[in-house]
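Okay, here's what each chain looks like letter by letter:
Protein chains: 2
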Amino acid sequence: MRAFQCSPEKAVEYLAMNEGLSVIHAEEMLTASTTQPWKPWRCLRWMVKECVQRTQAAVSSVLGLHWLCYVALGVVTALVSFAMNLTVAKLLRAHNWLYSQLEGHAVLQFLCWTLYPASLCALSTSFSHSICPHSAGSGVPEVRCMLAGVELPDYLSISHLFAKLVGLTCALAAGSTVFLGKVGPFVHLSTMLGAYLHRLCASAAGKEEQKPKQEMLVVSAAVGVASCFGAPISGVLFSVEVMGTHYAVRDYYPSLLAAACGALTFRLLSVLSREQETVQALFKTTYSTSLPFQPVEILAFAALGLLCGALSCVYLFCHRWILQFVRTNRILAKIMATEKALYSGGVVFLLACATFPLSAGHFMAAKLSMSQLLSSLLEETQGYVLSQNASVPQGAEDLLWQAWSPSGTTIFVTLGVFLFMKLWMLVLACTLPIPAGYFMPVFIYGAAVGRLLGEGLTHVSANGTSSQGTAPAINPGGYALAGAAAFSGAVTHSLSPALLALELTGQHTHAVPVLLATLLANALARSHHRPSFYDAIAIVKKLPHPLSLVRTCPKLLSVRLGQVIQAPTTVVEKQSGVTHIQQLLNSSPESVFPVVDCQESRVLLGSVSRLQLEAFLHAHRDGGLAKKLVDHWSFQPVKIQLSAEATFKQAYSVLTAVREQCLFVTERGRLVGVITWSEIKRIMEEFTKATTLHHQTAERMKSNHIPTS
Amino acid sequence: MRAFQCSPEKAVEYLAMNEGLSVIHAEEMLTASTTQPWKPWRCLRWMVKECVQRTQAAVSSVLGLHWLCYVALGVVTALVSFAMNLTVAKLLRAHNWLYSQLEGHAVLQFLCWTLYPASLCALSTSFSHSICPHSAGSGVPEVRCMLAGVELPDYLSISHLFAKLVGLTCALAAGSTVFLGKVGPFVHLSTMLGAYLHRLCASAAGKEEQKPKQEMLVVSAAVGVASCFGAPISGVLFSVEVMGTHYAVRDYYPSLLAAACGALTFRLLSVLSREQETVQALFKTTYSTSLPFQPVEILAFAALGLLCGALSCVYLFCHRWILQFVRTNRILAKIMATEKALYSGGVVFLLACATFPLSAGHFMAAKLSMSQLLSSLLEETQGYVLSQNASVPQGAEDLLWQAWSPSGTTIFVTLGVFLFMKLWMLVLACTLPIPAGYFMPVFIYGAAVGRLLGEGLTHVSANGTSSQGTAPAINPGGYALAGAAAFSGAVTHSLSPALLALELTGQHTHAVPVLLATLLANALARSHHRPSFYDAIAIVKKLPHPLSLVRTCPKLLSVRLGQVIQAPTTVVEKQSGVTHIQQLLNSSPESVFPVVDCQESRVLLGSVSRLQLEAFLHAHRDGGLAKKLVDHWSFQPVKIQLSAEATFKQAYSVLTAVREQCLFVTERGRLVGVITWSEIKRIMEEFTKATTLHHQTAERMKSNHIPTS
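Protein chains in written order, with the numbering used here: chain P, 1092 to 1800; chain F, 1092 to 1800.
There's no promise every hint is true.
Remember, identical chains collapse to one label, so a pair may be satisfied in a single copy or spanning two.
Here are the computed lysine-lysine pairs in the BS3-like style, where the Cα-Cα straight-line distance is at most 27 Å [said to hold, decoys possible]:
hint	residue 1	residue 2
1	K1425	K1780
2	K1632	K1304
3	K1646	K1304
4	K1140	K1458
5	K1740	K1181
6	K1646	K1633
7	K1646	K1772
8	K1740	K1304
9	K1665	K1780
10	K1633	K1304
11	K1375	K1633
FYI, nobody ran anything at the bench for these hints, they're computed from the structure.
Assemble the whole structure, with the sequences as input and the hints as a guide.
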């Protein structure tokens, strides 16, 4: 306001002298104040801007701005993760309190048990769908696509971030009834945060960069896992695995740095909130370290790995079937199209009925929350022995075990019921159109499988050696750990769960058996080119992810470029004038244009960027209509050319390796096509569509054939 | 022998009927027996071959042969590692026994202490040098080169394997006097084993493949670390880091599988040899898990990381200086050229004099072996407190501590002497021309740095809180762990030592501080583009490793191909006849030849492989001298072309990404060069030579200038 009360020159002098602004800045400020008089607080804004720029210059002289960006990403993601955990815990406690207050009124308890999660999930669906229709599901398949190089700008927007955040919190607050997790959406959330921070950094550095760099996405994927579980190294391994074909080693250090910052912040926050005394593992276990397992037990762990691998095949088959069923069944497809919230509410109500503690829920530890389930399964205490001697003094840990062996039932019955019920419930929950993760449920399911085997072995070894007196102590918790890693690894076709299991529990004594079980389970699950959990979703959602599509159409990678490429419509001729270039820029959104000698022969001469063309137009805007591009500009030479004989896989590898935005396809010097990421996406979509049509036709013919025969 | 006693037809029938051989095999056998009558045991050999082929067919129907190859690599490497450990332990025990028998005779003890390691190292030098001159040193810089795609066949030969094996065993048997490790050469050994197994598999599958695949080398690198320490996951991380630019994600599963097999075998062998009761970490620690460290101690860990980073810069500077000094000093260069064994013996004698337990060795725990040093430094017991109360009951663990606080000296003095002495000894040991690793010594040195800080903090906190009575127990072992990871990570510019430290000790409670210290130390060590330990060796040895060379000549990556490429001498003309092709094949060893329309215009038409040309010659060997290649053969089309404007970095990335053997460089359709791995190597060598010459000239001018001024 002050700037208006004196002459401009004086104002510049005053500002430059008294407020420490540079003369140029002060002048800029005054120019802006006269040209944009409707913006308030000019002086303050300019001072803040000046301060920020100075701090930034000082900081970036010591440390690159992008490093700060990585650290900030880790810290912010961890803060979001912790805040979400707190909110979810409060909502869960409210539900538990209400349920316990209604003790004695079975009907009211039933309503409380079923309607609370149902309404939360319905809310989650309607909220996230109304803000961003794409926000349902895990998000990992989409992140895999983006990491493979495909641009999906809808999946990195702020509104999506908001929708996912609120939707996920509601879904998690529905508790173990719905049995959904956090890690998948969190990887996606972290990617969105990363993209936003990258834009912020770019604008702070004065650059106009809209597209997030590949590095940032890789780092974000690692941070997502790390700040969800406080497990930095498995976060980095996850980002290596999720990359698809090539992992750029230069992303390794930033990933680990950001992941370590995220994990440290996440764990320090629980120290600050007095949950823990120091920075420790999330689900810390304290198995006996003197003899964690007999060497011969390694065979049992290997068998557990194979069992988990076989079970994962069953689960994945059911999952693929139900995804297809929901899409093809007419009634369900109609409901899903119009009444998503109703569907969510209905399904969750059904799930809640099945887990009601006064019915079947009594035999499946339904009252425990997700984290309590995992902790109880990982405990060292032998449930079988506990249920035999009911008179042992019951500590706080054994309270968890009371849930697993309620009045008179052994742990084998409860674990069996749990495994049977949760299998179909898990498959059903995957169809819910809410933002939620599917990793943690699978992890817990695997832990239950391992626990069952472990308890069985304990039982057998106790019976077998009861005559000799000294039974070798088998730790069923170790089997639960290995089972969790093996099953979740087999379902997602990845090995990072093995390290995640170790980092989550801080239990390094079982490193070798856990790794062995995960490797064997993976070997079984990957055989015969079966699609993984994420592949199945990518195929159903028709996401352009090359490695997933290979599962359905293995021919894609070896297809010749000549068969699929389209002739480029937007080329710059050597002799192009101002008018033509103006038209070209208006009609096409591309950022790089090929330069050919003439439209007929199309001999490729080089390439020219959009910015260069705009600069050319700017230089000749006043009247130079006769100017030719060739007289005033030198093109970039073309560095890498593909021929029409190159395969799709080669084009994809080169594009990923050199991280270029476009490659030219030539045949004896003539331009026949341009490979960009959007072109790659188009090719994949068309190819999949063609293959799917082909498949559907074949299937229809088959199904028509069967009744007539 | 039997086959000669009857007619051939009968023999075939007999063999086919009675010995289960197929008729074709039996006939082949007889043909061979008549054409190669000098080979004995024909029948037996053929039966064995038949058996092997049947087993192979049965196995490969279930499992790919290459998977068996990976598993075998892990198991064999672990067996070699364990056998070497056993031999070294026996040799060390012999030395200790001799030394203890000479108690009371100081001169004899001195001779025993010094001559034993000196003669072992002299033996190691002369043996390994006489079998394979390249076998000295760690081998990791060479492995990095091979992983980057450069072919170094000398470094994968069987004689090299043998030289390295024996040389390394002798070097390790010299004990902590020489202070050298095992992991570097073991990575190299594993690579050689992998290459050999790959050749074996290829010949078993009936393929003639001489060059080991890139996959096998990556897997071998992981297996080397895993079977040396029993640490599979850090082995895989090591192989990711050592890859340079791109890590192919498809190598991840085989690497982890082979590494897990290696680690499991290595740890099971120690169970079988009654060293351990079950599969556990190599240097297992059992820190208190209830409160491993106070949250505020994280700051101390961060400071330790920075300290280790700074120290690593000092160490690396000394290392570079001495490498340069040994090469440039006239007397030393002469000795190194002719009398390598004398040099080794002399240096080791000097080192042994310095560590003689009755002199300075008394104050630096010289009697402990490498593994005892590491175990003692990682112990939870507080050395400061121990040395205060000498009356505490002394268990087996405290015996190690007696070495660190001998009569009247505190642990601070011994650690200080150790750190000061070992710094120059370590630098000096790096010049020894023997096959030995430099990772473990650096790891132990870092542990000593951490221990010193930890003991200091214990001392301060004990003094500060002695008035209040209850001192918060600081665990100096945790600092040793973090220091080891941070210092070794900073020296090698890698982060896998952080995970290695955790896997070696099985101590997951300190994951976050160890990671933090390693990250900070790395940040400091990598700043200002300082070369790492391996970079320095690669630069001095003039190895064609792109990422190392970037440290000396950063221009290499951005140099245009047009500036460095040579016109190809061996091209096939479209009109080439039989005679010309015969000449070409005789004169050139290349496996792929470019096809041009004629020698003058050199328009690239496609490529043709050596095998195709040989087949062409074979088809027209009798008289068809007038046949032209173009009439009878279709060429492979060229899929990827580079232009002369592409940079060296782009050529390198494309070659790595598509794993092709050659790329063609064209300019408007004309062939101007061929990029193969040997061409890449030539360019790098020439460029380095030019830069070195330039440097040397500049330095000579500078040194000439100084005296005159």
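For each hint given before, does the structure comply? Return the numbers of the non-compliant ones in rising order. 4, 5, 9, 11
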